Amino acid sequence: MTTTMTMAKALNEGLRRAMEKDPKVLLMGEDIGRLGGVFRITDGLQKDFGEDRVVDTPLSESAIVGTAVGLAIRGYRAVCEIQFDGFVYPAFDQIVSQVAKMHKRSDGAYKMAMVIRIPFQGGIGAIEHHSESPEPYFAQTAGLRVVSCSTPNDAYWMIQQSIEHDDPIIFCEPKCRYWEKGEVDLESPPSGLFDAVVRREGTDVTLIAYGASVKTALRAAETAAVEGTSIEVIDTRSIAPLDIGLMAKSLEKTGRVVVVQESPHTASIGSEIVSELTQRCFYSLKAPGIRVSGYHVPYPPTRIEEDYRPSVDRILDAVDRVMGFES
Amino acid sequence: MTTTMTMAKALNEGLRRAMEKDPKVLLMGEDIGRLGGVFRITDGLQKDFGEDRVVDTPLSESAIVGTAVGLAIRGYRAVCEIQFDGFVYPAFDQIVSQVAKMHKRSDGAYKMAMVIRIPFQGGIGAIEHHSESPEPYFAQTAGLRVVSCSTPNDAYWMIQQSIEHDDPIIFCEPKCRYWEKGEVDLESPPSGLFDAVVRREGTDVTLIAYGASVKTALRAAETAAVEGTSIEVIDTRSIAPLDIGLMAKSLEKTGRVVVVQESPHTASIGSEIVSELTQRCFYSLKAPGIRVSGYHVPYPPTRIEEDYRPSVDRILDAVDRVMGFES
Amino acid sequence: MIDEELVQLLTPEGERVENSEYESTLNGDEIFGFYRDMVIIRRLCNESTSLQRQGQLALWAPVQGQEAAQIGAGRALAPMDFTFPTYREHGIAWCRGVPPENMLRLFRAVSNGGWDPQKYRHSVPTVVLGSQTLHAVGYAMGIQRDGAEEAAMAFFGDGASSQGDVMEAFVWAASFNAPVVFFCQNNQWGISTPSTVQSKIPLYHRAHGFGFPGVRVDGNDVLAVYEVTKRALDSARVGGGPTLIEAYTYRIGAHTTSDDPTRYRIDAEVEVWKHRDPVERVKALLVHEYKVKNADFDGVAAEAETMALKLREDVLAMSRPDPITMFDNAYAAPHPLIEEGRREMIDLGISGGEL
Amino acid sequence: MIDEELVQLLTPEGERVENSEYESTLNGDEIFGFYRDMVIIRRLCNESTSLQRQGQLALWAPVQGQEAAQIGAGRALAPMDFTFPTYREHGIAWCRGVPPENMLRLFRAVSNGGWDPQKYRHSVPTVVLGSQTLHAVGYAMGIQRDGAEEAAMAFFGDGASSQGDVMEAFVWAASFNAPVVFFCQNNQWGISTPSTVQSKIPLYHRAHGFGFPGVRVDGNDVLAVYEVTKRALDSARVGGGPTLIEAYTYRIGAHTTSDDPTRYRIDAEVEVWKHRDPVERVKALLVHEYKVKNADFDGVAAEAETMALKLREDVLAMSRPDPITMFDNAYAAPHPLIEEGRREMIDLGISGGEL
Ligand SMILES: Cc1ncc(C[n+]2csc(CCOP(=O)(O)OP(=O)(O)O)c2C)c(N)n1
Ligand SMILES: Cc1ncc(C[n+]2csc(CCOP(=O)(O)OP(=O)(O)O)c2C)c(N)n1
Ligand SMILES: [Mg+2]
Ligand SMILES: [Mg+2]
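Chains as they are written, first to last, in the working numbering: chain A, 1 to 327; chain B, 1 to 327; chain C, 1 to 355; chain D, 1 to 355.
This is chain A alone, in the form it adopts within the complex (with noise of 0.2 Å):
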């Protein structure tokens, strides 16, 4: 059974789905309770799952994951919501030196099973710490996970998937997508959690990106395609771990690669996926691996955003810069 939502909408069916499946899910974070939070994602819960599973709570992140910590210890699994990106610093060091490594800590007795979930990337116009990419701080991170939906459908599954897990997961949710629409299947997952997929097939040039970029990455194989060229799209979901192997054989046909990320480019997703693509399929590659990132800035007043963020143009420059590199 298929049916037709926007991600917000899915992330809030999941949400419920968990809840409903397994009493020891709670949701926390800054308005979610009455308000169905700043972007209406637990729309309606508290209402249905009451008070004490659906948290309002007191305006502090680093409480918000170091309760979550005390609640998974006692058998809990808490759902964090953090409002936007740009706040989620506060709660570093929790999920750093807490989160990520009370499992390894106990031997193995503690579950740090948690969502930490984070609307992120930009694209919606707000003001400063509202359009940000922490992905790569938490991808570098031992003991965490860090996945990213593009999709409704993998928005529901995901969601789920990452509830049920036992190691603690930073959910990255592509702001700017909440409100498009798409078909969710209700039956069964379209994947693992750490599968990644391709998105379009292709044979040129593989296009790598995760959350809000894969769309951007779509576009530029449509224009790509018109000029002749053949992009292979990966979205690849799961942020840490990679799945590299499925990189690794797109790569193999293609000879050429460009990742994707609105993060500036230092020490980044991209960094990784090219060093460790370099290592896999040295002999195949045709061209460097390129990465169109966000630029080495502060995110910018957001009416420039859209030149900070790679647009199709940007993503097309490097593709001709891969296709063009033996000349």
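Treat the hints loosely; a few may be bogus.
Said to hold, decoys possible - Cβ pair distances, simulated, as ranges:
| hint | chain 1 | residue 1 | chain 2 | residue 2 | range |
| --- | --- | --- | --- | --- | --- |
| 1 | B | GLU20 | C | GLU305 | 55 to 65 Å |
| 2 | B | ASP313 | D | PRO99 | 30 to 40 Å |
| 3 | A | ASP195 | C | GLU340 | 48 to 58 Å |
Unchecked claim - A few chain D residues that don't get close to chain C, going by computed Cβ distances all over 12 Å:
| hint | residue |
| --- | --- |
| 4 | GLY28 |
| 5 | LYS230 |
| 6 | ASP234 |
| 7 | VAL272 |
| 8 | VAL300 |
| 9 | GLY349 |
Unchecked claim - Derived DSS-like pairs: lysine-lysine, alpha-carbon spacing no greater than 27 Å straight-line:
| hint | chain 1 | residue 1 | chain 2 | residue 2 |
| --- | --- | --- | --- | --- |
| 10 | A | LYS181 | A | LYS21 |
| 11 | B | LYS249 | A | LYS286 |
| 12 | B | LYS24 | C | LYS119 |
| 13 | D | LYS119 | A | LYS24 |
| 14 | B | LYS24 | B | LYS111 |
| 15 | B | LYS111 | B | LYS21 |
| 16 | C | LYS200 | C | LYS274 |
| 17 | C | LYS230 | D | LYS200 |
| 18 | B | LYS253 | A | LYS286 |
| 19 | A | LYS47 | A | LYS24 |
| 20 | B | LYS253 | B | LYS286 |
| 21 | B | LYS215 | B | LYS286 |
| 22 | B | LYS286 | A | LYS286 |
| 23 | B | LYS286 | A | LYS253 |
| 24 | B | LYS111 | C | LYS119 |
| 25 | B | LYS249 | B | LYS286 |
| 26 | D | LYS119 | A | LYS111 |
| 27 | B | LYS181 | B | LYS21 |
| 28 | C | LYS200 | D | LYS200 |
| 29 | B | LYS286 | A | LYS249 |
| 30 | B | LYS47 | D | LYS200 |
| 31 | C | LYS200 | A | LYS47 |
| 32 | A | LYS111 | A | LYS215 |
| 33 | D | LYS200 | D | LYS274 |
| 34 | A | LYS215 | A | LYS253 |
| 35 | D | LYS230 | C | LYS200 |
Just so you know, these hints were derived from the structure itself, not from any lab. Only a predicted model underlies this, so the values are computations on that prediction, with no experimental measurement involved. By construction, the Cβ of each residue, glycine as well, lies at the ideal position given by its N, Cα and C atoms.
For chain A, the structure is supplied; the task is to place chains B, C and D with the ligands on it using the hints.
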């Protein structure tokens, strides 16, 4: 005039000289006054410069950095000591959202001149949180600069250059080298703060490292030389920005690159260097770049840390792999 | 509104209240000046809301209901004091002399700041809740080192009071006896979260646990806010250390133009607070005690109207920045990735700028 | 040691003190049991210090001087309560039943934890100051949801009290009326930093500003600590909400074996506190009031000696872990980078382990 001293002493002397030169320089941190810091880097400075310039603070890292921001606005240059790498995360929000972005946010009116000193990397047999490598997080962050010293001479000069610099600098000190001695030239700095240097010349492999790993890399190069492989060792010194030009020059000569770092490899400095070099030197590459890194686990109990940290053996294994790649 | 703890010098009806600790030192002209400030700020705020509704601003954070808190505090400042705002301190910015159009640059999304913080001694807008309180303490530590008779003042909300940074700022201010005043506008809401979620007891009590004075003032009473703030600043400037002021007030409007408060609070509550309007209260005093004429009030309204029109014009004239400006002020010193980015942008033809 | 605020049931000389609010409910056997606990903990602590000096431990954090605070608190706990320690709560761990050799695994650097926290209901050692206070609050929120009559208890030091996390834990505990007791051992030093740098007023006052009770107890008086803690826990378990207990005590030894306290504090201060020794105090009571014989004391000493020897043996027997164990428990579920690391380690011949 040169003289021999430990890195700890060189830092102490560098701080002293910076404080003598500029009355706006002040030191802040936990236990840095009477105790002289847990590593004695600030030994004697409070006695000579007073409690207003060498400030023993309450135990709150976010406040150490947050107040440094206010002091910077008032024209002071705070040198913040974070007691150990693993304790910088409570200050992460202030560093990433305030320190890194205030110059921009103020349209240039504020200079965020400050140095955040972090004893980093492992090798001292400590307990958890005392051996980490947080530099990838800061390198990823636009608005920051990250440097690391590997010799007493660099320590002496780089700390002074950092304090004089107008951008905020994360100053990573390889704590396991604090007690090693070296020549310090008290008259002129060895090079610019953001310049990489070739520590040993070679022709077969470019081996890139920073901080504590530089010495390990040099040892590996010595061993390799005996076996007939000529390794060029580069000390990045600056971690962000990277002096990629110098590295590329070396790679064009050797055709092979190995990067050594203690952090896990995902979205790391090594990933960045390999990606950048692959792009710039594609046709010179005889083998893909390899990273020798800490493993993707929370820093282990230190009885086994030497098997976590890149060792001479692991570096040589990587060297063998890039040397033997063609076959 | 009988609250033993609350410092109040005017009833909601604009009648004088005896207070054993504070008395008003203001004359009629000064009070009229405050009235004018409040009217202008309210008018500019309303204009900004319309600008946002018309798609000219990305967002707006209304200050309605909090004018007395901000003007009372803002006017108590001395020129050399330095203020550290959140995103809603339009009244403070006004008192510091920040041109209204500068205040709107953030909300038009053409700048992450908007004014020269050093020139107006009013720091950049701070969106990450509570961060600025530590900046204020650090600045105050600088004042101490300079031996200056100045004070820093940090603004934050009831919601932000739950952030670790704010409480670390309390620890540090107390520890160093720093010349800083913490001014918490308890407007009773942090988006949809009632202030009772942050604290079950009045927030000003928090200061006592850190060893410095806390005062709750009627935040809709500009006379009281002024006196309480002035005393706290005076004390800070001469080595008296920090004070926490809780200005008990109410956010009449939405959290921001993106918010829909009907989802979480009842109209009746808003109505109650509309009857405690800070502007009407001081107007009543001016009418009864100082016999201010309608013509004078009209004059202020007209002035506010003109300023609102000018603000609208200024905002409409704020054009999209050249994208290449995103590289400006990312770093103070040259940086290779900045050069690289600029070059790429020019090569791509996105900016006509020059290297 | 006359301090109006301090709850005390025994003078430093071991004489009973009348207290209007608290009285001791313990009988002689129980008090002798506490004495035994304290003697054993002190002996094990000294053994650990020697083990460190002999190079057998990477580090040791002595508890000397704080035995009464920890045993009084630890013995007030019910079996189903759950405790959240720092790195110095050896006395609490002892009361929770953690085997002494487990406590030393962290310090021998063979584990980042050392015991099964679920089994002993005593969480992992926490080194990042203050983090565990939030874990305790979260755990307590879980207790509430389970409708259980249990409590969580968080330990932290005077130094850690300045961390934002601790104060956020106060906010949350108050907001949710969580069944948690915050137990602050004010041993007057945070490494070299005197507690007066963290707060100029007694730390227990801090709770009042957050809206819950704070109590200062003589941390060297095991009877008082027990009663104060017991009441706080009892109250928490039945919906009475959080309490902050400040156990006023003293760190007789160095911060850790890496520390040199002669650099920052004077011997005279230490001497004063040696005269307030918590073990001697309760021993005096046992001698005078309960006529406990020397032979019984000697029995405890002998028992402690045996345990110290056993501890030494156990520690020496803790061998270096196989390096491949670093990959265990990094993740609960399979992870490609873990597999990759294991494989590399085996290929390199570093570990004889198997995939
Ligand atoms: C660290 C952080 N978390 C979350 C947010 C999102 N946010 C913006 S304003 C706000 C409510 C703040 O309430 P309060 O402090 O009372 O100030 P007010 O808006 O009422 O003036 C929230 C949660 C933020 N800006 N920063
Ligand atoms: C966040 C953090 N910052 C710094 C440290 C380093 N450090 C370890 S113990 C300590 C002093 C703690 O003092 P206190 O809380 O009083 O506990 P005590 O050691 O006296 O038991 C410091 C600064 C740390 N562990 N965590
Ligand atoms: Mg508010
Ligand atoms: Mg202490």
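Quick rundown of the hints versus the structure:
1. GLU20/B / GLU305/C: 55 to 65 Å: holds (59 Å)
2. ASP313/B / PRO99/D: 30 to 40 Å: Since ASP313/B and PRO99/D have Cβ atoms about 37 Å apart, the given range 30 to 40 Å holds.
3. ASP195/A / GLU340/C: 48 to 58 Å: Taking Cβ atoms as reference, ASP195/A and GLU340/C lie about 34 Å apart, which means the hint is violated.
4. GLY28: Its Cβ never comes within 12 Å of chain C, the nearest being 39 Å, so this holds.
5. LYS230: holds (24 Å)
6. ASP234: The claim holds: ASP234/D sits with its nearest Cβ about 21 Å from chain C, beyond 12 Å.
7. VAL272: holds (24 Å)
8. VAL300: holds (41 Å)
9. GLY349: The claim stands: GLY349/D keeps its Cβ more than 12 Å from every Cβ of chain C (closest is about 41 Å).
10. LYS181/A / LYS21/A: holds (25 Å)
11. LYS249/B / LYS286/A: Measuring from Cα to Cα gives roughly 22 Å; hence the hint holds.
12. LYS24/B / LYS119/C: Between LYS24/B and LYS119/C the Cα gap is close to 21 Å, so the pair holds against 27 Å.
13. LYS119/D / LYS24/A: holds (21 Å)
14. LYS24/B / LYS111/B: holds (14 Å)
15. LYS111/B / LYS21/B: This hinted pair holds, its Cα atoms lying about 19 Å apart.
16. LYS200/C / LYS274/C: holds (24 Å)
17. LYS230/C / LYS200/D: holds (25 Å)
18. LYS253/B / LYS286/A: Holds, because 21 Å separates the two Cα atoms, which is no more than 27 Å.
19. LYS47/A / LYS24/A: holds (17 Å)
20. LYS253/B / LYS286/B: Since the Cα atoms of LYS253/B and LYS286/B sit roughly 11 Å apart, the hinted pair holds (cutoff 27 Å).
21. LYS215/B / LYS286/B: holds (26 Å)
22. LYS286/B / LYS286/A: holds (14 Å)
23. LYS286/B / LYS253/A: Satisfied, since the Cα-Cα distance of roughly 21 Å is no more than 27 Å.
24. LYS111/B / LYS119/C: holds (14 Å)
25. LYS249/B / LYS286/B: holds (15 Å)
26. LYS119/D / LYS111/A: Since the Cα atoms of LYS119/D and LYS111/A sit roughly 14 Å apart, the hinted pair holds (cutoff 27 Å).
27. LYS181/B / LYS21/B: holds (25 Å)
28. LYS200/C / LYS200/D: The hint holds at about 25 Å.
29. LYS286/B / LYS249/A: It holds: about 22 Å lies between the C-alpha atoms, which stays within 27 Å.
30. LYS47/B / LYS200/D: holds (24 Å)
31. LYS200/C / LYS47/A: holds (24 Å)
32. LYS111/A / LYS215/A: violated (35 Å)
33. LYS200/D / LYS274/D: holds (24 Å)
34. LYS215/A / LYS253/A: Holds - the C-alpha atoms of LYS253/A and LYS215/A are around 22 Å apart, at most 27 Å.
35. LYS230/D / LYS200/C: Holds, because 25 Å separates the two Cα atoms, which is no more than 27 Å.
Violated hints, in rising order: 3, 32; the structure is consistent with all others.
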